[in-house]
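A.B. asks: The residues making up each chain are set out below.
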Amino acid sequence: ETGVTQTPRHLVMGMTNKKSLKCEQHLGHNAMYWYKQSAKKPLELMFVYNFKEQTENNSVPSRFSPECPNSSHLFLHLHTLQPEDSALYLCASSQTGGQEKLFFGSGTQLSVL
Amino acid sequence: GENVEQHPSTLSVQEGDSAVIKCTYSDSASNYFPWYKQELGKRPQLIIDIRSNVGEKKDQRIAVTLNKTAKHFSLHITETQPEDSAVYFCAAEGGSEKLVFGKGTKLTVNP
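Just so you know, the sequences run in chain order B and G. So the first sequence is numbered by this note's numbering: it starts at 1 and just counts up by one. So the second sequence is numbered by this note's numbering: it starts at 1 and just counts up by one.
Simulated from the structure, these hints should not be mistaken for laboratory data. Note that the structure is a prediction, hence the values are computed from the model and not measured. Some hints here could point you the wrong way.
[As the list claims (entries may be wrong)] Computed cross-link-like contacts, SDA-like style, restricted to lysine to any residue with a CA-CA straight-line distance of at most 25 angstroms: (1) B/Lys101 / B/Thr7; (2) B/Lys41 / G/Lys71; (3) B/Lys19 / B/Thr5; (4) G/Lys103 / B/Gly97; (5) G/Lys22 / B/Gly98; (6) G/Lys106 / B/Arg9; (7) G/Lys98 / B/Thr5; (8) B/Lys41 / B/Arg63; (9) B/Lys101 / G/Asp84; (10) B/Lys40 / G/Gly94; (11) B/Lys40 / G/Ala19; (12) G/Lys71 / G/Lys42; (13) G/Lys71 / G/Pro8; (14) G/Lys22 / B/Leu45; (15) G/Lys42 / B/Thr16; (16) G/Lys106 / B/Gly97; (17) B/Lys41 / G/Gln60.
[Stated by the list, open to error] With the Cβ distance kept under 7 angstroms, some of the chain B side facing chain G (calculated, not the full set): (18) Pro42; (19) Leu43; (20) Gly98; (21) Gln99; (22) Lys101; (23) Phe104; (24) Ser106.
All C-beta atoms in this analysis are idealised placements derived from N, C-alpha and C, irrespective of residue type, glycine included.
Starting from the given sequences, assemble the full structure and let the hints guide the process.
C.D. replies: Right under this line is the structure:
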């Protein structure tokens with residue numbers, strides 16, 4: 001498989017649940033990102049990993065916890081989320097960490113009840 | 001920090017007409033301006049990008065123009081087709097290397 005793959009595609013969770021989103025890229029890129037996409041709002045950058053090292057945490061609440069075990073895999077661990085966290089979570093990758101020529105995954109549509 | 005405004009929020013055109021989407025940015029140090037297309041239920045995809053040392057770039061029916069003095073850039077789609085219907089996002093990368101997106105324009109091409 002090529003490109004950027006995200007699982008699951010859809011997720012419904014309660015506020016007390018713990019879940020994880022997974023992202024895998026098969027492009028040989030060195031940087032990976034998490035973005036949040038909400039209706040009628042711009043894409044919001046959450047986290048940046050460059051060569052497995054976190055280089056950006058865009059003031060994201062601690063209930064979102066990223067993990068990057070290697071340059072090809074990225075996780076977003078979720079716990080005690082709020083209903084306002086419901087959104088489409090997009091993973092992306094790029095050759096370098098400058099957010100240029102981003103390749104996006106199809107996203108995980110998250111609903112928090 | 002960088003602020004990007006995108007207009008219009010919705011745009012409806014007849015097939016074959018041209019479509020223009022405009023964005024303004026605030027950080028004069030911004031030097032990279034990509035455009036992404038997101039079809040309904042699909043991932044955003046890069047369609048064209050431009051750097052600040054270039055005033056215009058074309059790729060078949062798509063072109064982007066940049067006016068650094070006025071701090072605005074535009075996406076031009078000529079001979080629109082129904083498959084051009086999507087949400088288009090502009091973005092600007094400021095001096096801090098943070099890419100800031102506009103809110104998007106929903107383009108509908110009517111057959």
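A.B. asks: Each hint: holds or not?
C.D. replies: Taking the hints in turn, this is what the structure says about them:
1. B/Lys101 / B/Thr7: Measuring from Cα to Cα gives roughly 22 angstroms; hence the hint holds.
2. B/Lys41 / G/Lys71: Holds, at roughly 22 angstroms.
3. B/Lys19 / B/Thr5: holds, 17 angstroms
4. G/Lys103 / B/Gly97: holds, 23 angstroms
5. G/Lys22 / B/Gly98: holds, 24 angstroms
6. G/Lys106 / B/Arg9: holds, 23 angstroms
7. G/Lys98 / B/Thr5: holds, 24 angstroms
8. B/Lys41 / B/Arg63: holds, 21 angstroms
9. B/Lys101 / G/Asp84: Status holds; Cα separation ~20 angstroms.
10. B/Lys40 / G/Gly94: The given pair, whose Cα atoms are some 22 angstroms apart, holds under the 25 angstroms limit.
11. B/Lys40 / G/Ala19: holds, 21 angstroms
12. G/Lys71 / G/Lys42: The hint is violated at about 30 angstroms.
13. G/Lys71 / G/Pro8: Given pair G/Lys71, G/Pro8 holds - Cα atoms ~17 angstroms apart, limit 25 angstroms.
14. G/Lys22 / B/Leu45: Between G/Lys22 and B/Leu45 the Cα gap is close to 22 angstroms, so the pair holds against 25 angstroms.
15. G/Lys42 / B/Thr16: Violated - the C-alpha atoms of B/Thr16 and G/Lys42 are around 29 angstroms apart, more than 25 angstroms.
16. G/Lys106 / B/Gly97: Violated. G/Lys106 to B/Gly97 sits at ~29 angstroms, over the 25 angstroms cutoff.
17. B/Lys41 / G/Gln60: violated, 30 angstroms
18. Pro42: holds, 4 angstroms
19. Leu43: Where the cut-off is 7 angstroms and the nearest Cβ of chain G is about 4 angstroms from B/Leu43, the hint holds.
20. Gly98: At 5 angstroms from the nearest chain G Cβ, B/Gly98 passes the 7 angstroms test, so the hint holds.
21. Gln99: holds, 4 angstroms
22. Lys101: holds, 6 angstroms
23. Phe104: Holds, because the Cβ-Cβ distance from B/Phe104 to chain G comes to roughly 4 angstroms (cut-off 7 angstroms).
24. Ser106: holds, 5 angstroms
Hint compliance for this structure: hints 12, 15, 16, 17 are broken, all remaining hints hold.
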